[in-house]
Structure formats: C-alpha cells, structure tokens
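Protein chains: 2
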Amino acid sequence: MDKSALHDLHVLVEHVGPLRPGAHVFREGDSFDAIAAVRSGTVKTSRVDREGHEQILGFHLPGEIIGLSAIDGERYPCSAIALDNVQLCRFSFPKIAMLATRLPGLQKQLFRLLSRDIGHAERLSGDHTADERIAAFLIEMSRRLAARGYSAARFQLTMPRTDIANYLRLAPETVSRVLRRFQDEGRIRVRGREVELLDRPALETLAEAMLRP
Amino acid sequence: MDKSALHDLHVLVEHVGPLRPGAHVFREGDSFDAIAAVRSGTVKTSRVDREGHEQILGFHLPGEIIGLSAIDGERYPCSAIALDNVQLCRFSFPKIAMLATRLPGLQKQLFRLLSRDIGHAERLSGDHTADERIAAFLIEMSRRLAARGYSAARFQLTMPRTDIANYLRLAPETVSRVLRRFQDEGRIRVRGREVELLDRPALETLAEAMLRP
DNA sequence: ATACCTGATTGATCTGAGTCCATGCGCCCA
DNA sequence: TGGGCGCATGGACTCAGATCAATCAGGTAT
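Protein chains in written order, with this note's numbering: chain X, 5 to 217; chain P, 5 to 217.
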C-alpha cells in the first residue's frame, strides 16, 4: 500500500483499550458501525441462544479482525468479550468501505478476510470426533500463534476449559479427558493453561480432517 | 443502481446452462476466477474429505450467489453441482471487484453477501438435536422459497434424502425417522420429495434455536 | 494459617444418534 | 410387464460423548 493510503487508514483508526478480562468490545444487538483489529490479548465472540446458553463462535488473536459478520444487518449478531488484557484498533465501517473504493488493495483485503471467515465457520460444522476437534484446535492455535511470531510448540491457552469445550461443541469433561489422554499418549504436555505439542505430526494427522480446506 | 451501472454489470455477465443434474458448475481445486448467481434450479456445494466422504456445505436456490468462499485463496475450496436443471449467471470476480470500486452500492452488496454467508455457516456448527436440525432445514427452505415467490407451505425438495442428511450432519435413517415422526405428530406431510408444513409454529419453535441469528 | 470459591479433573452411568441389515417402493428401460 | 437399481423406511444393536456426581487444585480473602 502506498503512503497516502496508509495515511488515510491511519486517520480513521481509533485505538481502544486496554480492556479488562470480561469487558465487552461490542454486544450482540448493538448497532453495527465498526470492525476492529485485535492489537494485543485475546477476544472471544459468542452468542446467547434462546435458553440463555452461551455459544462461542471464535477466539481472536492479535492481528485478527472482529465484527465482519455484522456487515449484513444493522446490528452485531454476536458479542465480543476480552479474555485477558486487550488493546484494539477500531475502524468505522462506512469510512473504511468508502476508503476501499479508492484503494482496490484494501477492498481486496476486506473481501479476503470475509471469505476466509466463511471457510473458518464451515470447519466447525463438520461432524468430527472429539479427538479431531481438539487436535485441530491445538494445531490451529499453534499455527496462528506462530504466524504472529510466538512459539509454535509451546504456548498459553488464554481461555478457560469451559470456553474451549463450548467453542468445540463438546462437554468440558470431554475436553479434560481427551487432553489427559493426549498427554498419556505422549502427544502433548499440559499444565493448566500451558500446552506443549510433543508429537505435532500425530496431531496434524488427526486435525487434517477438520483443517484441510 | 443507476443506468450505466446496470449496463456495466450486464456487460460482464455470462449466461451459463442449462446444466443437467449432476453437472459441475465448478470443482474443488479449480482456479478461482468467477462467482455465479443461480437463475433457476438448485445447486449444492460440497467438499470431499481425505477419506473420500462428501461433505455438503449448502444448497443454493434461484437468486443466491455461489463461489464467495473462494475469494480467499487461488482455488475453489468446494465443488458446486447442479441438483436439477440449472441455469446461472457467471461474473468474473476481478471484473466485478473492479466495478465495485466505482459502484459503492455494488461493493456494499458484495460485503453483505459475504457477511451473510459467515452467519449462515455458523448455524450448522451449533450442537443441535436431529429434530431441531430438520425443523430448521424445513423452515429455512420454506422462507427462502417464499422469498422467491414460491409457496411457503408446500414445496418440493430438490435433493435426495442422503444429501439432506449429509448437509445436516445426520444419518439418512435419522432424517427418515424424524420426518416420519413429524408427520405422525401432524406437523408436516411428506410424500417422497414433496413436503407440506402443517404446523408451522411448532416447527418454528424447534428451529428457533438454530436459525435465530 | 485456614476457610472458601471457582474451575478442572475424574469416575460411573445414561442416551441420542449412528451403524448394520432387511425390506419396501417407485421408476426407468429393455 | 417385469426385472433391476437407487432411494427410502424400519428394527435391533452399539457407542461416543453427555450428564450426573464427587473430589481436587490453586488462588484469594479472612
């Protein structure tokens, strides 16, 4: 992107935070006006169904964009909640869309981000075993963290087990048991929220069924 | 949209078809160059996993757009296959994206379509009972058909039971059994591929959990 | 220190839906 | 007009994962 483009983008950015764990970035039903890029920390997006059960849709690491699924419709279809200390950049959507008409590169990037999220959402919809889901979760976290410069083999899960379970559509007990078994089988090492991947190839193989697209 | 916009759009449209049942609109892995709007008939999109099992991602009725999930990446992540006689309009994506920089209304529409697909893909990912899934499927078909001017209460399923089952991540037998029970309970009437919704409110209630967003 | 609370783990039991198999029903084509 | 093939239905059994019910950390306030 050229100089003036970066300048334009810089002008419409609004820095937000730091947010405390549990703080809302936006709430389900809020009127939609902006997307946001995570700068530091982790954000979860979730919806509350009719019976009051939370449904976690995703976890968002630094560098990732939240709020895209709200473009269609006046309101955010989900809430975004900080899992730890979070800082982010807020972009007015009307403004960034307008800018995108002048910057084909930016438009293309937005299309790609949206398209990528479709593929991502489709992943969880397959019918996969608990082992596959958890292996895929670990591998995906590892890849995304590695892409941000963190260690791919050893990292910290910033969310509680219940959130992982909810996100993967499993019972917390199942997550616990599978992680335990993976450890007994020498594939990983877990200590609370700290995870180390010991047999990446084995995990990749399991995860393949889910992650492939 | 203004006159010249429509003209520009008209120029880059390419009419395709009629396609026979089973014919491919595009194949998983084909290099991505165009999106398409269904003009008549039904198209299913599906992926084949490592073990060779088909995974159906969606059914697309007249007026709906296919190929959006391919924007991110060089290739289509799924195949699109005609279920009956299908006609469609093909739009070169580079061209329509370029046009969108000149037509903010078109850009906005594309953003909305992409965003909507994210929400749609998220639906199937929830953990729902077979009853909820099938009720949601029937209600959603009814709504989409009604939006195209067809009857909301009585319609033809254009896909075999196996495809419905695959799409909903259920066994074909389960689909069969649930449809049978819904009929016994007086909620629907089924004769082969013909369906009539008799107790819409009951189905809506069941479907709510899935469809709500 | 000690009590307490929240989240994680573990074990025992239950169940919805998958699997396997047999049968039924159209529908097409020879 | 009858045989065959794909799709649909129904019954019996099985199993992965949910649910129920105790513990078990590991922090935090007292």
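In case anyone wonders, no lab produced these hints; they're calculated from the structure. Treat the hints loosely; a few may be bogus.
Because identical chains cannot be distinguished in the list, a pair is counted as satisfied if it fits within a single copy or across any two copies.
Said to hold, decoys possible - The calculated SDA-like cross-link candidates involving lysine to any residue, where the alpha carbons are at most 25 Å apart (straight line), are:
no., residue 1, residue 2
1, 112, 33
2, 99, 133
3, 112, 147
4, 112, 12
5, 112, 69
6, 99, 200
7, 112, 32
8, 112, 180
9, 99, 34
10, 99, 31
11, 112, 31
12, 99, 181
13, 99, 148
14, 112, 93
Only a predicted model underlies this, so the values are computations on that prediction, with no experimental measurement involved.
To see whether the hints hold, each was checked on the structure:
In this assembly of identical chains, the alpha carbons of residue 112 and residue 33 lie at most 25 Å apart only when taken from different copies (21 Å versus 28 Å within one copy). Taking the shortest alpha-carbon separations for residue 99 and residue 133, neither the intra-copy value of 43 Å nor the inter-copy value of 42 Å comes in at or below 25 Å. Taking the shortest Cα distances, residue 112 and residue 147 sit within 25 Å of each other inside one copy (23 Å), while across copies they are farther apart (32 Å). Taking identical chains as interchangeable, the C-alpha atoms of residue 112 and residue 12 lie at most 25 Å apart whether they share a chain (17 Å) or sit on different chains (20 Å).
For the identical chains of this complex, residue 112 and residue 69 are neighbours both inside a copy (15 Å) and across copies (18 Å), given an alpha-carbon limit of 25 Å. Within a single copy, residue 99 and residue 200 get their C-alpha atoms no closer than 42 Å, and across copies no closer than 46 Å, so neither meets the 25 Å cut-off. In the homo-oligomer, the alpha carbons of residue 112 and residue 32 lie at most 25 Å apart only across protomers (22 Å), although the nearest pairing inside one protomer, at 27 Å, exceeds that limit. In this assembly of identical chains, residue 112 and residue 180 lie within 25 Å of each other by CA distance neither inside one copy nor across copies; the values are 41 Å within and 44 Å between.
In this homomeric assembly, residue 99 and residue 34 come within 25 Å of each other (Cα to Cα) only inside a single copy, at 18 Å, whereas the closest approach across copies is 35 Å. For a Cα distance limit of 25 Å, the shortest separation of residue 99 from residue 31 inside one copy, 21 Å, qualifies, whereas the shortest one across copies, 37 Å, does not. Proximity of residue 112 to residue 31 under the C-alpha cut-off of 25 Å is restricted to the inter-copy arrangement: shortest distance 23 Å between copies versus 28 Å within a copy. When the C-alpha separation of residue 99 and residue 181 is checked against a cutoff of 25 Å, the pair qualifies neither within a copy, at 48 Å, nor between copies, at 51 Å.
Proximity of residue 99 and residue 148 under a CA criterion of 25 Å is satisfied in neither setting, with 28 Å inside one chain copy and 32 Å between copies. Proximity of residue 112 to residue 93 under the C-alpha cut-off of 25 Å is found in both arrangements, the shortest distances being 20 Å within a copy and 22 Å between copies.
Figure legend: structure checked against the earlier numbered hints; hints not met, in rising order: 2, 6, 8, 12, 13.
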